[in-house]
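There are 2 protein chains.
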Amino acid sequence: MKQRAVVLLSGGLDSATVLAMARAEGRECYALGFDYGQRHRAELRAAENVARALGAKEHRVVRLDLRAIGGSALTDDAIAVPDAPTEGIPVTYVPARNTVFLSIALGWAEVLEAEEVFIGVNAVDYSGYPDCRPAFIEAFQQLANVATRQAVEGRPVAIRAPLMHLSKAEIIRRGVAAGVDYSMTISCYDADEAGQACGSCDSCRLRRAGFEAAGVPDPTRYR
Amino acid sequence: MKQRAVVLLSGGLDSATVLAMARAEGRECYALGFDYGQRHRAELRAAENVARALGAKEHRVVRLDLRAIGGSALTDDAIAVPDAPTEGIPVTYVPARNTVFLSIALGWAEVLEAEEVFIGVNAVDYSGYPDCRPAFIEAFQQLANVATRQAVEGRPVAIRAPLMHLSKAEIIRRGVAAGVDYSMTISCYDADEAGQACGSCDSCRLRRAGFEAAGVPDPTRYR
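Those protein sequences? They're chains L and H, same order as listed.
Okay, so the first sequence: first residue is 1 according to the numbering used here, each after it adds one.
Okay, so the second sequence: first residue is 224 according to the numbering used here, each after it adds one.
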């Protein structure tokens, strides 16, 4: 039987690359996304296209109302997405988001009897979010080692973060090699309904610089 | 300023007791519940009443569709709630549920700048769920120590599980002392619309035995 993996898929550049890498490793991939009240809802349609194009076995979107707790420019309309770099952890940080996403992925992995959960976090060309750092992934692995029935039965899920130490340019090069069509992906925090990117938010800046550094034409549709 | 705490509140006996204990310790309490597609939806109304009666500052219910991943008698109608004890981890175990609930509590705590998250897990008179054990809470604390902006700034949230080592009878005695009206709470996994309990599921059995052992009249409305 093929090894099963749950792959967190946002519709952005990084998670699409991770899905392609997991598929290239021969995994049967179960893509998991979240309709969490995010401002940039265009990423949900992007994720659907990416999951299909990269041969995910299944793609599920869990509804989860993070607007009920707010606290981020992505989940509270009263907080604007900055169009220039800011000091410290940016307001686009969604409190505990990766913890929540990994937790639900852990649950689905258990239902599927999957061996792995893949997440596209990165601590090189990133926004300084605390839940994208190696220490966070290591701590989540420790938690996964005791949290579930699978763990109790001696088969804890492995948390895989293959992009952790790659630059954005390296991520893009690997994705291109693995067949990712980045024109399908949306990274912008403030993408419009048609999926066009603002070009100036943190996420757009990192993405654009990545394509430049990789020497790959940027297929992003800017508005 | 009063110390703030997020208190996970299900509407059941244990979490009501925890809320009363946190209030008795002088905390300003923010009760957090989940509409996760649970079979026993009567607990949602119970939680609302309990939060009000015990003086929670606020009570929020986050919608989260765990039926999208299923895998439990509580979130999949095709799996029945057993009416007699079973071997091992019961089918009422919801994969990664406490991990998910604590994660969202962690996020809300960060938004509120709360110092603590309280959860009513117990490893004495319990159903053997892996995410109710001390090792699980310790691992979640380690995760909380690195996962958030609060953690990065040196103020990680403390995860408090004050019922961990108490018997059900002790929990009930402490709750009575702290003013909990247990007639408001619903523990049954298969409670009907009117909030009447089945009396035979795992949760009903533990609860009934607890009242007997505590020498406290059982106010549960059995059908």
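These aren't lab readings, by the way, just hints derived from the structure by calculation.
Incorrect hints may have been included.
[To be verified] One side only, chain L facing chain H, incomplete, derived with CB under 7 Å:
1) 44
2) 59
3) 63
4) 89
5) 90
6) 91
7) 95
8) 111
9) 139
10) 140
11) 154
12) 166
13) 173
14) 176
15) 206
16) 209
[As the list claims (entries may be wrong)] Computed spacing ranges between beta-carbons, pair by pair:
17) H:378 - L:55: 43 to 49 Å
18) L:221 - H:381: 45 to 51 Å
19) L:155 - H:307: 43 to 49 Å
20) H:439 - L:165: 54 to 60 Å
21) H:311 - L:3: 52 to 58 Å
Each residue gets a CB set at the ideal place from its N, CA and C atoms; glycine is no exception.
Results of checking the hints against the structure:
1. Nearest Cβ of chain H to the Cβ of residue 44 of chain L: about 14 Å, over the 7 Å cut. The hint is violated.
2. Checking residue 59 of chain L against chain H: minimum C-beta separation of about 11 Å lies over 7 Å; hint violated.
3. For the restraint placing residue 63 of chain L at the interface with chain H, the shortest Cβ-Cβ distance is roughly 4 Å, inside the 7 Å limit, so the hint holds.
4. Interface hint status for residue 89 of chain L: upheld, as the beta-carbon distance to the closest one in chain H is roughly 5 Å, under 7 Å.
5. Given the 7 Å rule on beta carbons, the hint for residue 90 of chain L is violated: about 10 Å separates it from the nearest Cβ of chain H.
6. Because the closest C-beta pair between residue 91 of chain L and chain H is about 11 Å apart, greater than 7 Å, the hint is violated.
7. Annotation: residue 95 of chain L was flagged as interfacial toward chain H, and the flag holds, the nearest CB pair being 4 Å apart, inside 7 Å.
8. Annotation: interface hint on residue 111 of chain L holds; nearest CB of chain H at approximately 3 Å, less than 7 Å.
9. Hint on residue 139 of chain L holds. Least Cβ distance to chain H is approximately 4 Å, under the 7 Å limit.
10. Interface restraint check for residue 140 of chain L: the shortest CB-CB distance to chain H comes to about 6 Å, inside 7 Å, so the restraint holds.
11. Hint on residue 154 of chain L is violated. Least Cβ distance to chain H is approximately 12 Å, over the 7 Å limit.
12. Annotation: interface hint on residue 166 of chain L violated; nearest CB of chain H at approximately 21 Å, more than 7 Å.
13. The restraint placing residue 173 of chain L at the interface with chain H is violated, with a minimum CB-CB distance near 30 Å, outside the 7 Å limit.
14. The closest approach between the C-beta of residue 176 of chain L and any C-beta of chain H is roughly 32 Å, which is over the 7 Å cut-off, so the hint fails.
15. Checking residue 206 of chain L against chain H by beta carbon gives a least distance of about 19 Å; that is not within 7 Å, so the hint is violated.
16. Restraint check, residue 209 of chain L versus chain H: the minimum CB separation of about 24 Å is more than 7 Å; hint violated.
17. Distance hint check for residue 378 of chain H and residue 55 of chain L: the Cβ-Cβ separation is about 44 Å, which falls inside the suggested range of 43 to 49 Å.
18. Remark: the range hint 45 to 51 Å for residue 221 of chain L to residue 381 of chain H is upheld by a beta-carbon distance near 46 Å.
19. Restraint check, residue 155 of chain L to residue 307 of chain H: a C-beta distance of roughly 28 Å breaks the suggested window 43 to 49 Å.
20. Remark: the range hint 54 to 60 Å for residue 439 of chain H to residue 165 of chain L is upheld by a beta-carbon distance near 57 Å.
21. A hinted range of 52 to 58 Å is violated for the C-beta pair residue 311 of chain H and residue 3 of chain L, which are about 25 Å apart.
Violated hints for the displayed structure, listed by number in ascending order: 1, 2, 5, 6, 11, 12, 13, 14, 15, 16, 19, 21.
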